[in-house]
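Please work from the sequences and hints to get the whole structure.
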Amino acid sequence: MDNAAEDAAAAGRVRSAIYFDGKSSRRWAVVLAFGEQLEISAEDLPPVLWPYSDIRRVDGAPGALRAGCLSAPPLARIEIRDPSLAAELASRCPRLDKNRPDGHSAARIVGWSLAAVLSIAVVVLFAIPLAADRLAPLVPEPFERRLGDAADVQLKTVFGAHACNDPAGQAAFSKLMDALGKSAELDMPVRPSVLATPIPNAFALPGGRVYLLNGLLAKANNADEIAGVLAHELGHLKHRDSLRELIYNGGTSFLIGLLFGDVTGSSAVVFASRTLVTASYSRQAEQNADTFAIDVMQKLGRSPKAMGELLFRVTGKQGDNSLSILAGHPLTEDRLKRMSDLDRPASGPPLLTAAEWSALKSICGPRDKV
Amino acid sequence: MNQMSFAPQQPPPLPPVPAGFSGDRGEFFRLTARGAALELATFGFYRFWLVTDIRRHLWSHTAIDGDAAEYTGRGKELLIGFLFAMAILVPIYLVYALISIEAERLKAFGSIPLLIGLYAFGQFAIYRARRYRLTRTVWRGVRFWMDGSGWAYAWRAMLWGCLVLLTLGFALPWREAALERYKMRHSHYGELQGSFAGRGSEFFRQFWWLWLLSPIAIVLFPLAPFAYAQFKAREWRWWLCGLRFGAVRLDSKLLNTAFYGLYWKVIGWFMLLVTVTGVYFGLCGAVVAMLSGGPSAAPAAISRSIPLLVMIGLGYLVLVLSLNVVMRLYLQRDLWAKVMASVHLHGIEAAANVGAKGDLASALGEGFADGLDVAGF
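Residue numbers (the working numbering), protein chains in the order written: chain A, 1 to 370; chain B, 1 to 377.
Quick caveat, the hints were computed from the structure, so don't treat them as lab data. Accuracy of the hints is not assured; some may be wrong.
[To be verified] Listed below are the simulated DMTMM-like cross-link pairs for lysine to aspartate or glutamate, each with C-alpha atoms no more than 25 Å apart in a straight line:
(1) B:LYS338 with A:ASP59
(2) B:LYS76 with A:ASP59
(3) B:LYS253 with B:GLU191
(4) A:LYS23 with B:ASP147
(5) A:LYS23 with B:ASP359
(6) B:LYS76 with A:GLU144
(7) A:LYS238 with A:GLU88
(8) A:LYS98 with A:ASP44
(9) A:LYS299 with A:GLU356
(10) A:LYS23 with B:GLU191
(11) B:LYS76 with A:ASP295
(12) A:LYS361 with A:ASP341
(13) B:LYS357 with A:GLU36
(14) B:LYS232 with B:GLU180
(15) B:LYS183 with B:GLU202
(16) A:LYS238 with A:ASP295
(17) B:LYS338 with B:ASP65
(18) B:LYS357 with B:GLU27
(19) A:LYS156 with A:GLU245
(20) B:LYS357 with A:ASP334
(21) A:LYS23 with A:ASP59
(22) A:LYS337 with A:GLU356
(23) B:LYS357 with A:ASP59
(24) A:LYS23 with B:ASP65
(25) A:LYS23 with B:GLU27
(26) A:LYS98 with B:GLU202
(27) A:LYS98 with B:GLU77
[Unchecked claim] A few chain B positions that, by computed beta-carbon distances, are all more than 12 Å from chain A:
(28) THR42
(29) VAL138
(30) TRP269
(31) LEU360
As the structure is a prediction and not an experimental result, all values here were calculated from the model. Just so you know, even glycine gets a beta-carbon here, dropped at the ideal spot from N, CA and C.
Right, dumping it as C-alpha cells:
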C-alpha cells in the first residue's frame with residue numbers, strides 16, 4: 001500500500017467509539033475528534049470535551065482502550081475498539097497510565113509488610129511480656145478467683161475427676177501445704193486439692209488453686225519429692241504465672257492471627273509461630289518457679305534434689321527425643337542437674353512422719369503397690 | 001428488519017443476549033501464582049491486593065451484551081476496611097472473652113451459645129461484604145448498589161439456619177430462596193431494582209434426591225465429589241434463573257454435570273501435590289539421617305534437627321500456596337467461565353437507558369468478613 005492511499009484512508013476514516021456519560025447506561029455511538037481537547041460528539045449528544053491530561057485508562061475488555069476523565073462524571077467512559085485509533089488517543093494523553101491499580105508497586109507492599117511484621121514482632125517479644133508483667137498484679141483478686149473457678153469446673157469435666165478427701169490423707173496434705181505456705185510467704189489464700197486421676201502431674205490455676213494429680217503421688221517415694229513439686233506450683237501462684245500467661249497468650253495469638261488473616265492454611269503457621277514464642281515465655285516462667293521452689297525447700301532445711309528426681313522418674317531423659325526450642329518446660333535433666341548442684345544434707349525436720357506420708361499416698365483410697 | 005412490514009404497536013422483544021467470559025487462563029494463572037508468592041513475602045498482607053486483582057480480571061473479562069464490566073474496588077480500601085474492622089472487633093472479642101469466663105464458671109462449656117452470636121456477626125459481615133463488591137461493579141458507566149440492613153439479614157439468616165438444623169437440611173432450599181429474595185430486593189442497577197424470582201420448591205425438586213443421597217455420599221468417597229458438583233451446578237442454575245433487574249431476566253443452561261471435571265481436577269492436583277510434598281519430607285528426613293552417621297543415631301537426629309524443621313516448614317508453605325493457586329484457578333476462574341458461558345439475558349432493552357443512582361459502600365464489611373474468616377469470592 002502506498003502513502004497516498006494510506007493518507008486517504010486516514011482522512012476518510014470515521015473515528016468511531018462508544019461513549020457512556022456516567023449518568024445513564026445509554027450506549028452512545030460517538031465520533032472522536034482530536035482538537036485542543038478530546039471532542040466526543042454524536043447526533044443528539046451535547047458536545048463533550050475531555051482535556052487530554054485528565055484522561056485515565058480503566059479496566060476494560062482485552063484489546064480495547066477504555067478510559068475515564070478526572071474532570072468528567074466519575075463513571076463516564078469512552079471505549080475504543082480500533083487499535084490504531086486507541087494508539088492515536090494514547091499518544092496524546094500524557095498521563096493515561098498514571099495511578100493504575102496494577103501500578104501498585106509490589107516492592108512497596110512488601111516493604112510496608114516487613115515493617116508491620118517487625119513492629120508486631122517487637123510488640124510480641126517485648127511489649128506484651130512487659131504488659132503481662134505489669135497488668136497481672138493489677139487484676140483484682142475476685143476476678144482472678146472467678147477465672148480459677150471457671151477453669152476448675154472445666155478441668156473436672158475434662159478429667160472426669162473428683163477431689164480426694166480421705167480424712168487422714170487430707171490432714172497430712174494440709175500439714176504439708178501449711179509448712180510450704182509459711183515458708184513461701186504468699187499474699188493470697190491457697191486452695192489445694194488432690195484429684196483422682198492416674199496422670200502424673202501437678203499444676204496451679206489463678207485464684208490460688210493448686211492441683212496435685214494422684215498419678216504423681218503414686219510415683220513419689222517420699223514427702224520431699226511431693227513438697228518440691230508443690231513449692232514449684234506455689235511459685236507459679238506467687239509470680240501469678242497463669243494470669244500472666246493468659247494475657248501473654250491472648251495477646252500473641254491475637255496479633256499473630258491478625259498478621260496472617262484468612263490465608264488458607266495459615267492456621268498451621270499461626271500455631272507454629274505461637275508455639276515458638278509462648279514456649280520460650282513459659283520456659284522462663286518454669287525456670288523462675290524452680291528457683292522459688294529451691295528457695296522454699298532450703299528455707300525448710302530440706303533438699304531440693306528430691307523434686308528433680310521425681311520429675312526425672314516421670315519424664316525420663318528428654319534431650320534425645322524432643323526439640324528444646326518447642327518445649328514449654330526446661331529439659332528435665334537440666335532441672336535435675338540444677339537441683340542436684342544445690343543439694344545439701346537435710347538440716348530441718350522431715351515435713352511428714354512416715355505414717356502421715358503413707359496416709360497422703362492413699363488419700364484417693366487404698367491402692368495396690370505400683 | 002422484516003418486522004417492520006407488519007408494523008407492531010410495540011417493538012418486539014429483542015432476542016436473548018449472551019454473557020460470556022473471555023479471560024486468558026495463562027494470565028490468570030500468572031496473576032494468582034505471583035500473588036501467592038507475594039502473600040508469602042508479605043506475611044499475608046498482599047491478600048487485599050491479590051483479591052482485588054482477581055476480581056478486576058474476572059469482571060473486566062466478563063461481557064454482557066458485548067460490553068465488559070468493570071471492578072472499581074482497590075486493595076488499599078480493603079486494607080483500611082480491615083484495620084477499621086479490627087478496631088471494632090478487638091473490644092468485641094475482649095467482652096466476649098469476659099462473658100465466656102462467667103458462663104464457664106456457671107457450667108462447663110456454657111459459653112458455647114456465645115459462638116452463635118459470632119455466627120450472626122459473620123452473617124452480617126457477609127451481607128456488608130456483598131454490598132461493597134456490588135457497589136464496585138460498574139457496567140455501561142452505571143454502578144450497581146445495595147441498601148437494606150445487614151442486621152435484618154443476619155436475623156433472617158439465623159432463624160432460617162435454625163429451621164435448616166431442625167429439619168436436617170430439608171429446609172435449605174427455602175432458606176436460600178428467602179435470603180436471596182432479601183438480598184436481591186435490596187440490590188439495584190442504577191434505577192433498576194433487583195428481585196429474585198426463584199422459589200424454594202423449585203430448588204427442592206432439583207435437590208431432594210441429593211439430600212437423600214448425602215448420607216451415603218459422605219461415607220462412599222468417590223460419590224461425594226459427584227454429588228457435590230451436581231448440587232453446586234443445580235444451585236447456580238436455579239440462582240441465575242431467578243435473578244431479575246427490573247424487566248431484565250437471566251436464564252442459564254448450565255448442565256448438571258458441568259462441574260464434575262473441575263472438582264475432580266482439584267482433587268487430582270490436591271493428591272499429587274500432597275504426595276510430592278510427602279516425598280520431599282521423606283527425602284529431607286533421609287538426608288538428615290545419612291548425615292547423622294549410623295542408624296542408631298538417626299531417629300534422635302531427625303527429631304532434633306532444626307534445619308529439618310525449617311525445610312519441612314518451607315515445604316508446607318509451598319504446598320499451601322500451590323493449593324491456593326489450584327483452588328483459585330479451578331474453583332474461581334474456571335467455574336466462573338463455565339457459569340458465564342451458560343447465561344443469557346432476556347429483555348435487555350430495559351437496561352438500555354437506566355439512570356445512575358446509589359452511593360459507594362465502605363469496605364468495612366469486607367474487613368469484618370476477613371476478620372471472621374467468612375470472606376467469599
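Earlier hints that do not hold, by number:
Hints 3, 6, 7, 8, 11, 12, 13, 18, 20, 22, 25, 26, 28, 29 and 31 are the ones this structure does not satisfy, whereas the remaining hints hold.
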